[in-house]
Each structure stands twice: as C-alpha cells, then as structure tokens.
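Go ahead and model the full structure; you've got the sequences and the hints to work with.
2 protein chains.
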Amino acid sequence: MLSTVRFRPMTDRPYHHGDLRRVALAATVEAIEQGGPVALSLRDVARRAGVSHTAFKYHFGAKAGLLTALAAEGYDLLADAVTAEGGDLIEAGVAYVRFAVGHPAHFEVMFHPNLYNADDPQLLAAQERAGQALTAALSTSATENTELAAWSIVHGFANLWLSGALPPELGDDAGNAARPVIRLLSFIQ
Amino acid sequence: MLSTVRFRPMTDRPYHHGDLRRVALAATVEAIEQGGPVALSLRDVARRAGVSHTAFKYHFGAKAGLLTALAAEGYDLLADAVTAEGGDLIEAGVAYVRFAVGHPAHFEVMFHPNLYNADDPQLLAAQERAGQALTAALSTSATENTELAAWSIVHGFANLWLSGALPPELGDDAGNAARPVIRLLSFIQ
DNA sequence: GGAAGCAACTTTCCACTGGAAAGATATGGT
DNA sequence: ACCATATCTTTCCAGTGGAAAGTTGCTTCC
Numbered sequence: 003m004l005s006t007v008r009f010r011p012m013t014d015r016p017y018h019h020g021d022l023r024r025v026a027l028a029a030t031v032e033a034i035e036q037g038g039p040v041a042l043s044l045r046d047v048a049r050r051a052g053v054s055h056t057a058f059k060y061h062f063g064a065k066a067g068l069l070t071a072l073a074a075e076g077y078d079l080l081a082d083a084v085t086a087e088g089g090d091l092i093e094a095g096v097a098y099v100r101f102a103v104g105h106p107a108h109f110e111v112m113f114h115p116n117l118y119n120a121d122d123p124q125l126l127a128a129q130e131r132a133g134q135a136l137t138a139a140l141s142t143s144a145t146e147n148t149e150l151a152a153w154s155i156v157h158g159f160a161n162l163w164l165s166g167a168l169p170p171e172l173g174d175d176a177g178n179a180a181r182p183v184i185r186l187l188s189f190i191q
Numbered sequence: 003m004l005s006t007v008r009f010r011p012m013t014d015r016p017y018h019h020g021d022l023r024r025v026a027l028a029a030t031v032e033a034i035e036q037g038g039p040v041a042l043s044l045r046d047v048a049r050r051a052g053v054s055h056t057a058f059k060y061h062f063g064a065k066a067g068l069l070t071a072l073a074a075e076g077y078d079l080l081a082d083a084v085t086a087e088g089g090d091l092i093e094a095g096v097a098y099v100r101f102a103v104g105h106p107a108h109f110e111v112m113f114h115p116n117l118y119n120a121d122d123p124q125l126l127a128a129q130e131r132a133g134q135a136l137t138a139a140l141s142t143s144a145t146e147n148t149e150l151a152a153w154s155i156v157h158g159f160a161n162l163w164l165s166g167a168l169p170p171e172l173g174d175d176a177g178n179a180a181r182p183v184i185r186l187l188s189f190i191q
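Top line first, the protein sequences correspond to chains A and B. Per my numbering: the first sequence = residues 3 to 191. Per my numbering: the second sequence = residues 3 to 191.
Bear in mind the hints are in silico, worked out from the structure with no lab data behind them. It should be emphasised that the depicted structure is a prediction, and the values quoted were computed from it without experimental measurement. Careful, some of the hints might be misleading.
In this list, chains with the same sequence are indistinguishable; a pair is considered to hold if it fits within one copy or across any two.
To be verified - SDA-like mimics (lysine to any residue), calculated; alpha carbons at most 25 angstroms apart, straight line:
1) 59 to 42
2) 59 to 41
3) 65 to 162
4) 65 to 185
5) 59 to 137
6) 59 to 22
7) 65 to 104
8) 65 to 167
9) 59 to 136
10) 65 to 137
11) 65 to 166
Now the structure itself:
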C-alpha cells in the first residue's frame, strides 16, 4: 500500500548510519581544521555527517566525549608515527613535527586537556603508548634535562609553525624545516 | 520630586562605567584562566564586569575585537618581560616561560590568530615590539637555526608546562624548572 | 548657561548552540 | 514471531553572540 511509504526527513541513508563513530571523528577534524576548537559546533559536525546533532550522544556522550575520542586517536597516531622511525632521535623528532602539522586538529585538542575527559581509560592508554614511544626514542639521552630539551624543541617548533609565527622563508614542509633545528640537539651534552 | 528617581536595572554604578575597557580585559583574563578560550562567553565577562553583554561593542567591536586587545596587551607584556633581562639569552628565555605561565590567558590567545583580528594595527605594533625584543635577546646567536632552536625550546617548554604534560617532579616554579633546560642552549654551536 | 552633538552604555530581538528527555526504527537472539 | 537492545530522530529548553534601536550623561561651542 502507498501508506507504507515513510517520511525520511534529512536524507535517504538508512536509519542506522552504521559507521557514525568514524565519520563523526573525521567530520570533527574537518571542522576544527577550518575554525579551531573554539568555533567547533556539534550541529555543524552533525550536518557534515548527515545526522541529527544529538546522534553523537550514544557514541560519545557529550561534546567533551567526542573530543576525548579525538585526543585518544591522536595519541595513537603520534605513537605510531614516532615508533616508525626506529631509534633515530632526530627523525623521531621530525616525525613529531610532521604529525602535529599533518594532524593539526588532533594535536590542538590533545594538548588542551580541559577540552576533554582527561581520565578516560581509552585516552589514558593511548597517552601511555605515546609516552613510551617518545621515551624509547629518547633512550640515548644522558639526562632528564636533555630529554626535556628535545621534547620542548619539537613541541615548540610544531606549535610555532601551526600558529603561523615562523617566517615564510622556511618553506612549506615543516619536517624538512625542523630537521636542521632538531639536529642541534646532538651538540648538547 | 519623587518621580525623578530612575530605574537602575543592573547595579547602582553610574550609567557610564568609566573604566570598562580595562575591567573588561581583566574579566576576560579571569574567565579564560578558568575555562580556556573555548568556554569564554561574552555574557559571562559582562556579568563579571557588571555591564550588559553588548557593552563591549563600543570598545572592541565583536568578540574577536576583545581578544585582539588581549593579544596586543600580551605582546606588550612579553616585550617588557624579555627586555627587562638585558642581553642575557638564558634569563630572557626564563622570562619568556615566566610570562607564559604567569599570563596563561594572554599567551593562549596570542598564539591562536584565528581567535582575533590579526591585521589590527595596534596588535601588529605590539607584535613588532615583541619580535624586536626577542631578536635583541638572540643577538649573540650564530645562525638562524640556533635562533629557531632557542625560540622553540622556550615556547615548547611553556606550552608543555601549561598543558600539564610535564612531570610534577619539576615543582611549581616554571622558570626555575626551565632554566637548566634552556641553559643547554649554550652548548649549541 | 543652554543646547547640540558625541560617547558610553542598555534593551530588545533573532538565529544559533549543547544537552536532556522521550520517541522511532532497525537488528539479532531466542 | 517477538522481545531486548543498539542506534538514531524529534522536541524542547536555557544559554550565546551580534544587530539595531533607544537611553543617558558629558563636553564643547556659541
């Protein structure tokens, strides 16, 4: 009967999205890359994903839950990126910078813990993994201060690059621009 | 006549606040220190300052204008802090870290240009001043890469400290914790 | 010294936001 | 067949930033 035709308000996608969690994270990344976390709107993300703005509640809880998942994903990606460079301190540092510049939304959220639920178990596990990857790359360091210097230098370079504070003469490849700077670490004793 | 008694809706302050610009900036700093720029609400700032939420329009334009003024103030404060250390590279670096940790709201806003009007003349002037102060402190550096390393290390340490990523064993004085790390710069050639 | 004009605020309105609550729909196990 | 649960939507509400118009008080000029 014709009366069995139902009203599909927003789209012709089936009622159950099926992959909302991943799509939501990707849409969030897109939104943050355009306007930063301050301009991030759940309703905007929902429109990008083609669902209602309350659809995320089931998967992530509130907005902070969405960003918690994003941060956790970021720490996992960072751990992978750093680990992939073996034990080479310099290239691990370059990888750190490349990760930050290649995933600015993740990076931005990761280091602003007041945006997410810092005690989430999944997140803590990912942080632990990233921490161990970094520690492994730093295994040749003599003192804790040299470790701090190494972390500070790559983290600072990445942040300055992302904020647009560095001179344009450095080109558009952050990793290559960072390498000679990071290499100075080898002089430190 | 009694009929001359007027209605004073929000407070018994005179109609003209008289010092709203400064009070607004201070209230904004307070609000950002509590919740970060994401949670910043003009209406909250207005309540803290005891005015209506549209009172800032005259002084700052929109929300971005308020943050533009805050960023400009920040660059001025940073220039002062760095200049005060004379030509000492190490202590200038410590001053950079102390500024960031002592004025987290300013620092946070300053390096997120999408929060404010980056082409504002007042802001550009303050940025210029800060840039020259930093360049002066770095005057003894041999190459551009060592300058980048120095800036990255203090900027990175400050950001990591503010995000709570550094181990608590470093104590609660960021400047003193940073000094030995910054001092490693003297080994760089 | 009084009126004109400008500076500094308030009120009101509107479209948008995040979240709570309740309802709708699909899916898989029994 | 049917129920339990997972996944989504609708509806509602208080809070938000900004536009527009109105109010108040200061200052300057004749």
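Consistency of the hints with the structure:
1. In this assembly of identical chains, the alpha carbons of residue 59 and residue 42 lie at most 25 angstroms apart whether taken from the same copy (16 angstroms) or from different copies (23 angstroms).
2. Taking identical chains as interchangeable, the C-alpha atoms of residue 59 and residue 41 lie at most 25 angstroms apart whether they share a chain (20 angstroms) or sit on different chains (20 angstroms).
3. In this assembly of identical chains, residue 65 and residue 162 lie within 25 angstroms of each other by CA distance solely across copies; the values are 24 angstroms between and 27 angstroms within a copy.
4. Taking CA atoms no more than 25 angstroms apart as the test, residue 65 paired with residue 185 passes in neither setting, with 40 angstroms inside one copy and 42 angstroms between copies.
5. In this homomeric assembly, residue 59 and residue 137 never come within 25 angstroms of each other (Cα to Cα): the closest approach is 36 angstroms inside a single copy and 49 angstroms across copies.
6. Taking the shortest alpha-carbon separations for residue 59 and residue 22, only the intra-copy value of 11 angstroms comes in at or below 25 angstroms, while the best inter-copy value is 40 angstroms.
7. In this homomeric assembly, residue 65 and residue 104 come within 25 angstroms of each other (Cα to Cα) only inside a single copy, at 23 angstroms, whereas the closest approach across copies is 29 angstroms.
8. In this homomeric assembly, residue 65 and residue 167 come within 25 angstroms of each other (Cα to Cα) only across copies, at 22 angstroms, whereas the closest approach inside a single copy is 30 angstroms.
9. For the identical chains of this complex, residue 59 and residue 136 are neighbours neither inside a copy (34 angstroms) nor across copies (47 angstroms), given an alpha-carbon limit of 25 angstroms.
10. When the C-alpha separation of residue 65 and residue 137 is checked against a cutoff of 25 angstroms, the pair qualifies neither within a copy, at 32 angstroms, nor between copies, at 42 angstroms.
11. Within a single copy, residue 65 and residue 166 get their C-alpha atoms only as close as 28 angstroms, which misses the 25 angstroms cut-off; across copies the closest is 21 angstroms, which meets it.
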